[in-house]
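Here the structure of chain C is known, so what remains is to put chain G in place on it, guided by the hints.
Protein chains in written order, with the numbering used here: chain C, 1 to 415; chain G, 1 to 415.
Quick caveat, the hints were computed from the structure, so don't treat them as lab data. Any given hint could turn out to be false.
Across the chosen pairs, the derived CB separations fall in these ranges [what the hints assert, rightly or not]:
id: 1; chain 1: C; residue 1: Glu163; chain 2: G; residue 2: Asn208; range: 38 to 46 Å
id: 2; chain 1: G; residue 1: Met110; chain 2: C; residue 2: Gln236; range: 34 to 42 Å
id: 3; chain 1: G; residue 1: Glu321; chain 2: C; residue 2: Pro155; range: 41 to 49 Å
id: 4; chain 1: C; residue 1: His156; chain 2: G; residue 2: Glu344; range: 36 to 44 Å
Derived coverage of chain C by chain G (criterion: at least 3 residues anywhere in the stretch with Cβ under 8 Å from a Cβ of chain G; other residues may be distant) [to be verified]:
id: 5; stretch: 36-43
id: 6; stretch: 288-297
id: 7; stretch: 304-315
id: 8; stretch: 358-364
id: 9; stretch: 389-403
Positions of the beta carbon are idealized from the N, C-alpha and C atoms, including for glycine.
There are 2 protein chains.
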Amino acid sequence: MIIELVNTGTELLLGQIVNTNAPFLAARLNELGFSVLYQTTVGDNRERMKNVLKTALERANIVITSGGLGPTQGDITKEVTASLLNKPMYLHEASAEQIQRFFTEHRLCMTDNNLRQAMMPEGAQVIENTCGTAPGVIVEQEATGKVIINLPGPPHELAAMFEKSIVTYLTKRFGVQGAIVSRVLRTYGLGESALEERIKKYISAQSNPTLALLARNGEIHVRITARAASETESVQLINELEGQIQPLLNEYIFGIDEETMEKSVGSLLLARKLTIALAESCTGGLVTSRITDVPGSSQYLLGSIVCYSNTVKTRYVGVPEKIIASKGAVSQETAECMAQGIKERFQTSIGVGITGIAGPDGATENKPVGLVYIAIDGSAGKVCYEHYFKGTRLDIKHRTALATLNHVRHYLLTI
Amino acid sequence: MIIELVNTGTELLLGQIVNTNAPFLAARLNELGFSVLYQTTVGDNRERMKNVLKTALERANIVITSGGLGPTQGDITKEVTASLLNKPMYLHEASAEQIQRFFTEHRLCMTDNNLRQAMMPEGAQVIENTCGTAPGVIVEQEATGKVIINLPGPPHELAAMFEKSIVTYLTKRFGVQGAIVSRVLRTYGLGESALEERIKKYISAQSNPTLALLARNGEIHVRITARAASETESVQLINELEGQIQPLLNEYIFGIDEETMEKSVGSLLLARKLTIALAESCTGGLVTSRITDVPGSSQYLLGSIVCYSNTVKTRYVGVPEKIIASKGAVSQETAECMAQGIKERFQTSIGVGITGIAGPDGATENKPVGLVYIAIDGSAGKVCYEHYFKGTRLDIKHRTALATLNHVRHYLLTI
Numbered sequence: 001m002i003i004e005l006v007n008t009g010t011e012l013l014l015g016q017i018v019n020t021n022a023p024f025l026a027a028r029l030n031e032l033g034f035s036v037l038y039q040t041t042v043g044d045n046r047e048r049m050k051n052v053l054k055t056a057l058e059r060a061n062i063v064i065t066s067g068g069l070g071p072t073q074g075d076i077t078k079e080v081t082a083s084l085l086n087k088p089m090y091l092h093e094a095s096a097e098q099i100q101r102f103f104t105e106h107r108l109c110m111t112d113n114n115l116r117q118a119m120m121p122e123g124a125q126v127i128e129n130t131c132g133t134a135p136g137v138i139v140e141q142e143a144t145g146k147v148i149i150n151l152p153g154p155p156h157e158l159a160a161m162f163e164k165s166i167v168t169y170l171t172k173r174f175g176v177q178g179a180i181v182s183r184v185l186r187t188y189g190l191g192e193s194a195l196e197e198r199i200k201k202y203i204s205a206q207s208n209p210t211l212a213l214l215a216r217n218g219e220i221h222v223r224i225t226a227r228a229a230s231e232t233e234s235v236q237l238i239n240e241l242e243g244q245i246q247p248l249l250n251e252y253i254f255g256i257d258e259e260t261m262e263k264s265v266g267s268l269l270l271a272r273k274l275t276i277a278l279a280e281s282c283t284g285g286l287v288t289s290r291i292t293d294v295p296g297s298s299q300y301l302l303g304s305i306v307c308y309s310n311t312v313k314t315r316y317v318g319v320p321e322k323i324i325a326s327k328g329a330v331s332q333e334t335a336e337c338m339a340q341g342i343k344e345r346f347q348t349s350i351g352v353g354i355t356g357i358a359g360p361d362g363a364t365e366n367k368p369v370g371l372v373y374i375a376i377d378g379s380a381g382k383v384c385y386e387h388y389f390k391g392t393r394l395d396i397k398h399r400t401a402l403a404t405l406n407h408v409r410h411y412l413l414t415i
Numbered sequence: 001m002i003i004e005l006v007n008t009g010t011e012l013l014l015g016q017i018v019n020t021n022a023p024f025l026a027a028r029l030n031e032l033g034f035s036v037l038y039q040t041t042v043g044d045n046r047e048r049m050k051n052v053l054k055t056a057l058e059r060a061n062i063v064i065t066s067g068g069l070g071p072t073q074g075d076i077t078k079e080v081t082a083s084l085l086n087k088p089m090y091l092h093e094a095s096a097e098q099i100q101r102f103f104t105e106h107r108l109c110m111t112d113n114n115l116r117q118a119m120m121p122e123g124a125q126v127i128e129n130t131c132g133t134a135p136g137v138i139v140e141q142e143a144t145g146k147v148i149i150n151l152p153g154p155p156h157e158l159a160a161m162f163e164k165s166i167v168t169y170l171t172k173r174f175g176v177q178g179a180i181v182s183r184v185l186r187t188y189g190l191g192e193s194a195l196e197e198r199i200k201k202y203i204s205a206q207s208n209p210t211l212a213l214l215a216r217n218g219e220i221h222v223r224i225t226a227r228a229a230s231e232t233e234s235v236q237l238i239n240e241l242e243g244q245i246q247p248l249l250n251e252y253i254f255g256i257d258e259e260t261m262e263k264s265v266g267s268l269l270l271a272r273k274l275t276i277a278l279a280e281s282c283t284g285g286l287v288t289s290r291i292t293d294v295p296g297s298s299q300y301l302l303g304s305i306v307c308y309s310n311t312v313k314t315r316y317v318g319v320p321e322k323i324i325a326s327k328g329a330v331s332q333e334t335a336e337c338m339a340q341g342i343k344e345r346f347q348t349s350i351g352v353g354i355t356g357i358a359g360p361d362g363a364t365e366n367k368p369v370g371l372v373y374i375a376i377d378g379s380a381g382k383v384c385y386e387h388y389f390k391g392t393r394l395d396i397k398h399r400t401a402l403a404t405l406n407h408v409r410h411y412l413l414t415i
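In isolation and in its complexed conformation, chain C is listed as follows (with noise of 0.2 Å):
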């Protein structure tokens, strides 16, 4: 069954917006086996988005589209599919009262447009919107048993209908499509091409499972693809490669598919009963943030001070004057306080220490933009990490933070 993507949105094309809805799309619907070939983007214009969508219907078998569900007159995917496919609109009444009630229990007041969301083309199928307003909606060609089904645009709307929707409706329609299973080990330290050079071999020899390497947000990705017949075959293909690849990279993978570097380090925590707490000071709460993304994280996480002044890491964290005097509070002496400081303070196991020069101002002749010293204090006893990262501020709270998160990982590994 081929697939085609219909981004539709002005901003698209005015390249305001990365478009993360056709990648979410792709490859969940490669996973359940369809085929996705093209994916086009076309703005809100009547004409130009009813001939984008003919040509969608002619080379593929299913369309899906993604924006222009909601209220104001901007929004016209649902028209346009419904003229193409000679299909009235009419007010759907269930949807209607779904908006009224969204608004009554966000305390919201309704104006009239939004009832446009409530506008259906004939006969098509609507698909309730868990997260916002706007309905989807599946639309049949009755000659040719083509499909388009239009999705809402914001990411999180489209991704919940997809799957507590689309996803069964698709399979049953269309029947089971074999299955492409992927499943990526995430790792971080080694360079993409260092991590090549390891696993030159499978990749040179790869046809199926394939294997891809993708460098992302400083991690690097090895994505093991496998299609077979059914999902416990392709699993198996997986398992098996994964099984030559896994001694080779071994403490680089931090975790498999969704499993973020936090979730291993929340996961090391609770198998070891033990907690933690960090002063932070470049990464402004970044670290603290990521680990607390993570559902439980008060079992272990007992707290943090962001000490962004020289008064709240003397006052608040204990770390000594006279340190920050003669070391500077960029310094590996500093960062070693800052984490003994914060451990004894909030009585936790573990205690990390973060400072450094985020940029673009605060550098000195021998302390470059980009330094940062993260220290750890436990069981283990006190390491401390130099660091010099490149890139803009943002850049650098985050390689950081990474970095921290791989360190506490490393340390909790050897106790």
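Relative to the frame of chain C, chain G by itself:
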């Protein structure tokens, strides 16, 4: 001049990477006055790619491809372009030498297939790649004056080639196209349809400038886009319309273009010479991290405490134990004590307390997931806001952070 972007690469169809080339090219081309009306993605398949390029050449004057110029058998974009325009391929000696030199300089071993990158369509203009080995190509269709431009896939190679060579080519070959200029008014606090209702008159009347509403992570952006012969004239058109819209949205507008909520809060603190500290529970440091995303934020942020446990709330932020026992950790009273406690301890002008249930666990009969209290304490007195946010744990953290920053912004505007 109508442009279609054609992105090639099976990894895009599989959803393995996010396409950042399309938004980059679209934004730059619009700035240069070209209209990007279509973007299409197709895999490394000769027949389908040829058909996609054919369709593109029918509906656009200029087709810009990205990807598929590399050395592997899957890199077919140039060949398909040549075949569509009936041009034979030949070995371009200068490119071959360039590629050889690149490998020598980088002490790499060149394999024969690298010379595939020096094969060019007859009559094509070859564009040097200063960041990699695959040259770009410009091929004109004599009969129509239409053009296909092949750019490499790696984003930094594509961007460098575009800026160094393609901009000059396009402006020389197609003349200056006038200038499209956009300005974004970032708003928070009004729903999309309520906002549309307020500026309906201008949305209905739009022609040049155009007006678009874009929902972005809890913010609504109003984009004004003007097209005129020169940038100055476009800016003038935007200024006029902004002057009319501004009074209707007034307090909801927090920033222009790239001005984030945290930037706006920072500017207000700086202008008033005030300092701030936060006690964050459910946001886990996210608000402080966002505040520190702004360069120079150490001038007004002294620090924060992430109080993820009751011990940290009572011992280090000064929330009375009996308040937590009687009202609960998630309550207006606790939030207010957190705001006051952190302000007094860190001796800042403003203290902020945030407590809530980020979920998925932790809800009680009276306190659902998403219930959040945000308190502010300062010279204008104590305020506290109750919110019921929807979504995942990360959504709730994000929405709480945005609401907090906006409450602080409004608080500062009253001082």
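In ascending order, which of the hints set out earlier in this document are inconsistent with the structure?
Per hint list: zero violations.
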